[in-house]
Amino acid sequence: MDSRERIETAIGLGKPDRVPVVPIIDFFSARYGGISQHDMLFDMRKADQALEKTLRDLGPIDGLHLSYAGLGRIMQLIFPTPPVMPGVGDEPPDGQFQFVEKTVMGPEEYLEIEKRGPLRWILDKMKLSNPDLGSPLGLARALGRAAADMARVKRSVKGWRARGVESLVAFNIVFTPLEYISLFMRSFQEFILDLFRRPEEVKAASRVLMPTMKMQGSLMVRMSGIRRVFMGGTRTSASFLSPRQFEEFALPEWKEMCEFWVAKGITPVLHFDSDWTAFFPYLRELPRGKCVLNLDGTSDIFAAKEQLGDHMCIMGDVPATLLKLGEPEEVEEYCLRLITEIGSDGGFILSSGCTIPVDAKPENVKAMLASVHRHSP
Amino acid sequence: MDGELASLLAELKEKEVLETVGSALERGEDPLALVERLREGMEEVGRRFERKEYYLSELIMSAEIFKEAMALVEPRLAGASGEAKGSVVIGTVKGDIHDIGKNLVATLMRCDGFRVHDLGVDVPPGLFVEKLRETGAHLLALSGLLTLAFDSMRDTVRAVAEAGLRERVKVIIGGGPVDEKVLEYVGADAFGKDAAQGVKLANAFLGG
Numbered sequence: 013m014d015s016r017e018r019i020e021t022a023i024g025l026g027k028p029d030r031v032p033v034v035p036i037i038d039f040f041s042a043r044y045g046g047i048s049q050h051d052m053l054f055d056m057r058k059a060d061q062a063l064e065k066t067l068r069d070l071g072p073i074d075g076l077h078l079s080y081a082g083l084g085r086i087m088q089l090i091f092p093t094p095p096v097m098p099g100v101g102d103e104p105p106d107g108q109f110q111f112v113e114k115t116v117m118g119p120e121e122y123l124e125i126e127k128r129g130p131l132r133w134i135l136d137k138m139k140l141s142n143p144d145l146g147s148p149l150g151l152a153r154a155l156g157r158a159a160a161d162m163a164r165v166k167r168s169v170k171g172w173r174a175r176g177v178e179s180l181v182a183f184n185i186v187f188t189p190l191e192y193i194s195l196f197m198r199s200f201q202e203f204i205l206d207l208f209r210r211p212e213e214v215k216a217a218s219r220v221l222m223p224t225m226k227m228q229g230s231l232m233v234r235m236s237g238i239r240r241v242f243m244g245g246t247r248t249s250a251s252f253l254s255p256r257q258f259e260e261f262a263l264p265e266w267k268e269m270c271e272f273w274v275a276k277g278i279t280p281v282l283h284f285d286s287d288w289t290a291f292f293p294y295l296r297e298l299p300r301g302k303c304v305l306n307l308d309g310t311s312d313i314f315a316a317k318e319q320l321g322d323h324m325c326i327m328g329d330v331p332a333t334l335l336k337l338g339e340p341e342e343v344e345e346y347c348l349r350l351i352t353e354i355g356s357d358g359g360f361i362l363s364s365g366c367t368i369p370v371d372a373k374p375e376n377v378k379a380m381l382a383s384v385h386r387h388s389p
Numbered sequence: 002m003d004g005e006l007a008s009l010l011a012e013l014k015e016k017e018v019l020e021t022v023g024s025a026l027e028r029g030e031d032p033l034a035l036v037e038r039l040r041e042g043m044e045e046v047g048r049r050f051e052r053k054e055y056y057l058s059e060l061i062m063s064a065e066i067f068k069e070a071m072a073l074v075e076p077r078l079a080g081a082s083g084e085a086k087g088s089v090v091i092g093t094v095k096g097d098i099h100d101i102g103k104n105l106v107a108t109l110m111r112c113d114g115f116r117v118h119d120l121g122v123d124v125p126p127g128l129f130v131e132k133l134r135e136t137g138a139h140l141l142a143l144s145g146l147l148t149l150a151f152d153s154m155r156d157t158v159r160a161v162a163e164a165g166l167r168e169r170v171k172v173i174i175g176g177g178p179v180d181e182k183v184l185e186y187v188g189a190d191a192f193g194k195d196a197a198q199g200v201k202l203a204n205a206f207l208g209g
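Read top to bottom, the protein sequences are chains W and H. Position in the first sequence (from 1) plus 12 gives the number in the numbering used here. Position in the second sequence (from 1) plus 1 gives the number in the numbering used here.
Hints may contain errors.
[What the hints assert, rightly or not] Computed beta-carbon distance windows for the label pairs:
| id | chain 1 | residue 1 | chain 2 | residue 2 | range |
| --- | --- | --- | --- | --- | --- |
| 1 | H | 180 | W | 315 | 17 to 23 Å |
| 2 | W | 99 | H | 159 | 25 to 31 Å |
| 3 | W | 68 | H | 185 | 44 to 50 Å |
| 4 | H | 188 | W | 155 | 49 to 55 Å |
| 5 | H | 77 | W | 118 | 28 to 34 Å |
| 6 | W | 16 | H | 12 | 52 to 58 Å |
| 7 | W | 211 | H | 136 | 54 to 60 Å |
| 8 | W | 112 | H | 73 | 28 to 34 Å |
| 9 | H | 72 | W | 296 | 40 to 46 Å |
| 10 | H | 37 | W | 118 | 31 to 37 Å |
| 11 | W | 68 | H | 164 | 42 to 48 Å |
In short, the hints are calculated from the structure, not lab data. Everything numeric in this text was worked out from a predicted model, so none of it was measured. Every residue, glycine too, gets a C-beta built ideally from N, C-alpha and C.
The task is simple: from the sequences and hints, build the whole structure.
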């Protein structure tokens, strides 16, 4: 089996020749490979060299999970609240990339999205941090730069595939409308209060934004040529919402989006940060054998196996804390547990819990990557 | 009526809580008694959260209603708000700008009667020390989501010790990846897995 077959077999709930390992590794590989975080985000060639050194020293992988490498300019463009970007403004070149929590949408705007048109409304918000987008020339230039950057990433994806490393999702990042609103528009606290104070308006905005979110994802899939999408979920998790709220607001969105991708033959990779354990039973409503449940170390991944192991591929979840503060033996022990308890009958991909932290111990990363070769389920 | 205000808050009836408080104040009822009912409501919310009947969103909504109700009551208290349970200095440590958890802990501690000095995000160790000195606070609450924050937390605990304040000041930490291992690495006194636990720790350490 090659890497791609191994991954696809696991996604389809089959049992590959061994458990595939597909971490989020770029923040770590930049530092390990001797380049700054800024270079990783803005220089695809340097990012690839750093990754090559990392994999040469610490072991092969089957696939790259989400990667921010080379996407710095795009991320500066698309988010209404630009993230903290290493080497940009006052930030040190080797600082940490971080999202910023900021309210850029008033409570009255839920009902205004439809009047303005969702695409134009989103563009209005993007202009807050990128005023150049206000002119046709500025917009054309920005789109041209984004297309050029994506073409560079696509070349890199092709190069890695030729070397047996599959890109799981490349830059195919999509959000459900409510995750998007909470993360980038209303901010966490305001969004939560809106669920109590103006539930119907929140639901109306969700309906209006849905086609735009699907269109954006479809465009990414077409550009990357990779038929899997990364769907980030955290704000609608059980860490924050009650089951009643999840059922009322979030589940219909998750179902609609997953069914949309699956109908097109595209695999949704549900990258679920925070604690989703209480919501696992709902995930049985998603199409069977077509989605990946990617957990970050906060949810109970072993409970996920029990409740969902026959329904969706499970992916995760070596915790960031263990990779930074643990010893290689502890990392190996945890990976062994994942491989044997979750991967024994297939349908499992070993990954980092969210991202391998920039300051992980290299010997711990090595132990994690080696574990899939040392232990067969 | 007394029990009703507490249960209205526990049921997250925002409009009704504010109307009840408003009309009680108009009738000249004792504002301190109203504060007491509101606290009872918050305690009930806390119990429901512990029993997993309520989730974090309900905790956030209850804190918001409490804050709004207190804004009505406070002008009538005329300094008679009673003694705070104790002072807490809180912030997200240097290099980290995540503040959802930190804000939530600060809000819930305030609702529970603590005087909270929130230094915001990306706070260097020296600022924490300065604020501890200035306020005489006996509890320091450090937050962070990144693994890089563990080092900043450790530096902060060291700075507190170097300033000669460690005997007086208990340090609690919190944030997504924080666990026993991080607690040991940082040298703090306890960690909280969620905001409600953070408030419990404050009560335990400050004798609330």
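Verification of the hints:
no.	hint	in the structure
1	180(H) x 315(W): 17 to 23 Å	holds (18 Å)
2	99(W) x 159(H): 25 to 31 Å	holds (29 Å)
3	68(W) x 185(H): 44 to 50 Å	violated (34 Å)
4	188(H) x 155(W): 49 to 55 Å	holds (51 Å)
5	77(H) x 118(W): 28 to 34 Å	holds (31 Å)
6	16(W) x 12(H): 52 to 58 Å	holds (54 Å)
7	211(W) x 136(H): 54 to 60 Å	violated (40 Å)
8	112(W) x 73(H): 28 to 34 Å	holds (33 Å)
9	72(H) x 296(W): 40 to 46 Å	holds (45 Å)
10	37(H) x 118(W): 31 to 37 Å	holds (35 Å)
11	68(W) x 164(H): 42 to 48 Å	holds (46 Å)
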